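Asks: Sequence:
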Amino acid sequence: MANPGFAPPKLKDFILTEKLGSGTYASVYKAFRKATDINWNADNREAVAVKVVSKKSLNKSSMENLLTEIEILKTVRHPNIVQLKDFQWDSENIYLIMEWCSGGDLSRFIRSRRILPESVARRCLQQIACALQFLHERNIAHLDLKPQNMLLSGNLLKLGDFGFAQYMSICEELRGSPLYMAPEIICKKHYDARVDLWSVGVILYEALFGRAPFASRSFAELEEKIRSAKPVEIPAGVRVSAECRDLLLRLLDRDPNTRISFHEFFLHPFIDLEHSPSAESLGKAKALVLLAVEKDEAGERAAALSLYCSALQHFVPALHYETDRQKKEVLRQKVNQYVSRAEELKALVRSDNRISFEEARSSRKILTEMSRDHPRLLAALEVASVAVAREESGAEDYETLDLYQQSLGEMLLALAAESQGRRREHLHSEIKSLMSRAEYLKELIKMREAQTDESLKKDSSAESVRSCTLLCTMTTHSSTARVYYWTSPIQQSLMSLLPFTHCLLSFDSAVSDPPKKSFMRSFSDASVNVSLSWSDMALLQTNHTEP
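Mind the numbering: the sequence shown is residues 1 to 547 in UniProt numbering, read in order.
A couple of the hints might just be wrong.
As the list claims (entries may be wrong) - Simulated pairs of lysine-lysine, DSS-like, Cα-Cα distance not exceeding 27 angstroms:
| # | residue 1 | residue 2 |
| --- | --- | --- |
| 1 | Lys74 | Lys12 |
| 2 | Lys34 | Lys19 |
| 3 | Lys85 | Lys34 |
| 4 | Lys55 | Lys85 |
| 5 | Lys10 | Lys85 |
| 6 | Lys30 | Lys12 |
| 7 | Lys346 | Lys286 |
| 8 | Lys60 | Lys74 |
| 9 | Lys34 | Lys12 |
| 10 | Lys55 | Lys12 |
| 11 | Lys284 | Lys346 |
| 12 | Lys34 | Lys55 |
| 13 | Lys85 | Lys60 |
| 14 | Lys225 | Lys188 |
| 15 | Lys327 | Lys284 |
| 16 | Lys12 | Lys56 |
| 17 | Lys230 | Lys188 |
| 18 | Lys74 | Lys34 |
| 19 | Lys34 | Lys10 |
| 20 | Lys284 | Lys295 |
| 21 | Lys85 | Lys56 |
| 22 | Lys74 | Lys55 |
| 23 | Lys284 | Lys328 |
| 24 | Lys74 | Lys85 |
| 25 | Lys19 | Lys74 |
| 26 | Lys10 | Lys30 |
Since the hints were made in silico from the structure, they are not lab data. Just so it is clear, the structure is predicted and the values come from calculations on it, not from any experiment.
Based on the provided sequences and hints, a complete structural model is requested.
Replies: Here it is, written out as structure tokens:
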């Protein structure tokens with residue numbers, strides 16, 4: 001509420017009401033535009049936020065910050081960036097008239113829920129990434145990203161407070177909020193736009209775990225943690241997906257030179273900008289669901305299920321993008337029908353797979369007997385048996401999925417080194433079977449999370465199955481390419497992305513090493529289109545069809 005002892009300033013065309021907050025040189029008020037015609041309705045009057053900057057409180061530095069903020073906000077227009085509607089001034093103050101965001105800030109949203117489900121944190125991060133990509137394309141760095149500067153308006157998250165923002169360059173001036181400040185700002189005194197990536201990591205960490213990674217009781221304690229060389233760790237006993245863990249640890253890399261790049265960040269599967277809400281979302285969804293219905297009517301259950309799930313990945317963003325309530329409700333009913341059909345197909349596909357799973361059990365026993373001289377492979381098979389037993393007993397959870405991932409990692413390495421023969425054939429078959437089970441389990445977990453997420457009750461299909469993606473790490477040396485399938489931190493990222501049963505990796509002829517070529521041939525029964533760019537992290541988008 002407004003403090004009755006201090007009346008808000010007067011501003012032409014606006015009525016300033018309650019004070020929302022104040023800082024070093026500015027206060028923010030909620031305001032309403034004054035009536036301009038006889039048809040004006042008090043219930044429909046336009047609300048805005050007015051940032052009131054006292055001229056006498058400005059020094060040279062703060063004046064430069066203010067001018068930068070005005071310059072940037074005048075030129076940027078994006079759904080995830082708070083809009084500057086106008087600015088005015090008088091003898092005492094400068095007024096920035098901003099878009100009104102009725103949901104408060106992200107900091108309050110997190111505190112009210114203590115922690116956010118990963119699915120909600122992902123949606124928030126996706127919108128932050130959309131805004132950052134827009135700014136990055138225009139060579140703009142924010143430099144003060146924190147939950148307090150991120151405002152909620154309906155389903156939208158919007159970046160605000162560009163007082164420290166600037167066009168990208170090397171900086172030596174201290175900028176930002178200490179809790180969200182990248183280590184290089186404190187330790188090296190010079191930095192660049194990559195500090196925004198660190199801040200995003202801190203925000204994601206706080207959303208998931210309820211506190212920032214360097215939360216401290218004093219600035220001295222905070223500075224000590226920032227200067228420490230100890231890597232940031234995920235809190236023990238807290239379950240996050242491997243995709244989320246991989247992104248979080250790469251964002252919170254203390255060294256800006258090894259920290260995830262903006263390019264890698266925007267392509268990361270946890271962000272999944274391909275499925276962010278946009279005007280194109282509905283069209284993509286409709287095209288996919290038409291194909292799904294065709295496959296469904298033709299009795300091709302597995303193909304139909306895959307297409308329904310792909311369509312849902314665009315339908316849910318379309319729901320978030322739609323602002324008309326009536327259209328949104330009609331669309332939601334359609335989406336719920338497709339979700340129901342996808343659930344029915346999942347049960348049917350699972351039933352269809354039972355016979356093949358029984359055959360796989362018999363094959364696993366034979367492979368176990370053939371692997372007595374291979375301790376690591378034998379151990380991997382034992383882990384796989386535990387995973388299968390857990391799943392069949394009803395433990396369809398992340399722990400079971402992790403067991404599948406561990407066993408598959410070792411088996412892939414063993415397959416790469418295995419010579420031609422019966423054991424290789426059985427190992428190949430076992431890997432395909434386990435990948436199929438792990439894929440199905442991950443789909444089940446994702447859909448269950450979406451259905452139980454309180455914040456997504458109306459859009460319970462938001463966490464439908466994700467598209468087929470394989471994450472690899474690659475390095476090139478002269479004419480050869482090395483493929484590392486199980487090296488930390490990719491260990492968890494690689495095998496968490498299992499929406500494929502068979503995989504063919506077609507590499508450049510530069511790959512001449514026989515074991516690697518043999519490994520690639522072992523997946524030759526797949527139908528996969530792969531486009532590779534030689535970089536430290538390559539996302540291989542696969543177009544999977546049933547054999």
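Asks: Each hint needs a verdict: does it hold in this structure or not?
Replies: Consistency of the hints with the structure:
no.	hint	in the structure
1	Lys74 x Lys12	holds (20 angstroms)
2	Lys34 x Lys19	holds (18 angstroms)
3	Lys85 x Lys34	holds (15 angstroms)
4	Lys55 x Lys85	holds (20 angstroms)
5	Lys10 x Lys85	holds (18 angstroms)
6	Lys30 x Lys12	holds (15 angstroms)
7	Lys346 x Lys286	holds (21 angstroms)
8	Lys60 x Lys74	holds (21 angstroms)
9	Lys34 x Lys12	holds (9 angstroms)
10	Lys55 x Lys12	holds (18 angstroms)
11	Lys284 x Lys346	holds (22 angstroms)
12	Lys34 x Lys55	holds (25 angstroms)
13	Lys85 x Lys60	holds (25 angstroms)
14	Lys225 x Lys188	holds (15 angstroms)
15	Lys327 x Lys284	holds (17 angstroms)
16	Lys12 x Lys56	holds (21 angstroms)
17	Lys230 x Lys188	holds (17 angstroms)
18	Lys74 x Lys34	holds (23 angstroms)
19	Lys34 x Lys10	holds (12 angstroms)
20	Lys284 x Lys295	holds (17 angstroms)
21	Lys85 x Lys56	holds (24 angstroms)
22	Lys74 x Lys55	holds (20 angstroms)
23	Lys284 x Lys328	holds (17 angstroms)
24	Lys74 x Lys85	holds (8 angstroms)
25	Lys19 x Lys74	holds (24 angstroms)
26	Lys10 x Lys30	holds (13 angstroms)
In this structure, none of the earlier numbered hints is contradicted; all agree with it.
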